[in-house]
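With these hints in hand, go ahead and build the complete structure from the sequences.
Numbering (the UniProt record's numbering), first residue to last: 1 to 180.
Everything labelled a hint here was simulated from the structure, so no lab data went into it.
Quick caveat, the model's predicted, so the values are computed rather than measured.
Any given hint could be a false lead.
As the list claims (entries may be wrong) - Label-pair distances were calculated between CB atoms; the ranges are:
#1 Ser-107 / Arg-6: 19 to 27 Å
#2 Tyr-4 / Pro-82: 18 to 26 Å
#3 Glu-56 / Asp-10: 29 to 37 Å
#4 Tyr-111 / Lys-52: 14 to 22 Å
Where a beta carbon is used, it is the ideal one built from N, C-alpha and C, also for glycine.
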Amino acid sequence: MYLYSRPLVDRDYRDIKEIFLDNFKNDLPVRDLGISFDDRLADRSIGYFADKEYREMIGFQIISSHVKNKENLYLDYIVISPKYQRSGLGTAIMWSLVKEILKNRESIHLYPANKRLAEWYKRFGFYYTNGGYLNFHSYNTRSYKGSTCPVTTLPFKKIGFKGASRLERCRRWCSRFFGY
1 MYLYSRPLVD RDYRDIKEIF LDNFKNDLPV RDLGISFDDR LADRSIGYFA
51 DKEYREMIGF QIISSHVKNK ENLYLDYIVI SPKYQRSGLG TAIMWSLVKE
101 ILKNRESIHL YPANKRLAEW YKRFGFYYTN GGYLNFHSYN TRSYKGSTCP
151 VTTLPFKKIG FKGASRLERC RRWCSRFFGY
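Pasting the structure below:
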């Protein structure tokens, strides 16, 4: 299955709300979605579609930045329609986001809705910080457990996975599969 994407626009809100309610009806208030949608970074918040004409939205990601420090990115939501869950699309979208964060040498923060999702995010190199937040840093000064060897300096074949931190394994995986 091909996945088509474009930045979210105001007319997408109805589809976003429907997917949100299908996933979080009893867990999160819809007003939180509205606030995130209004405060989103327009170029980084993406809608994912099943067709080239962008008729059937199958998921979305909303990214915002901190009010005072615009360099701090927040992944407010990454949601896949229940119809398309467990097909690998969410994982592909997340790896794409991780690749972009690594390429731009950024960091991104999120607050997981539940423990199951927290474990899913940890597979991509996110780690817990104060207050229950999960962070992903693409640079060594704040990397998980002090990783010392960035993938950009050594080829993948010379670096093994054994004993590496989650962040370092994520960097190596991205290097191998995305050519970063």
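Evaluated hints:
no., hint, in the structure
1, Ser-107 / Arg-6: 19 to 27 Å, "25 Å, holds"
2, Tyr-4 / Pro-82: 18 to 26 Å, "19 Å, holds"
3, Glu-56 / Asp-10: 29 to 37 Å, "19 Å, violated"
4, Tyr-111 / Lys-52: 14 to 22 Å, "34 Å, violated"
Violation of the numbered hints given earlier is confined to hints 3, 4; the remaining hints are satisfied by the structure.
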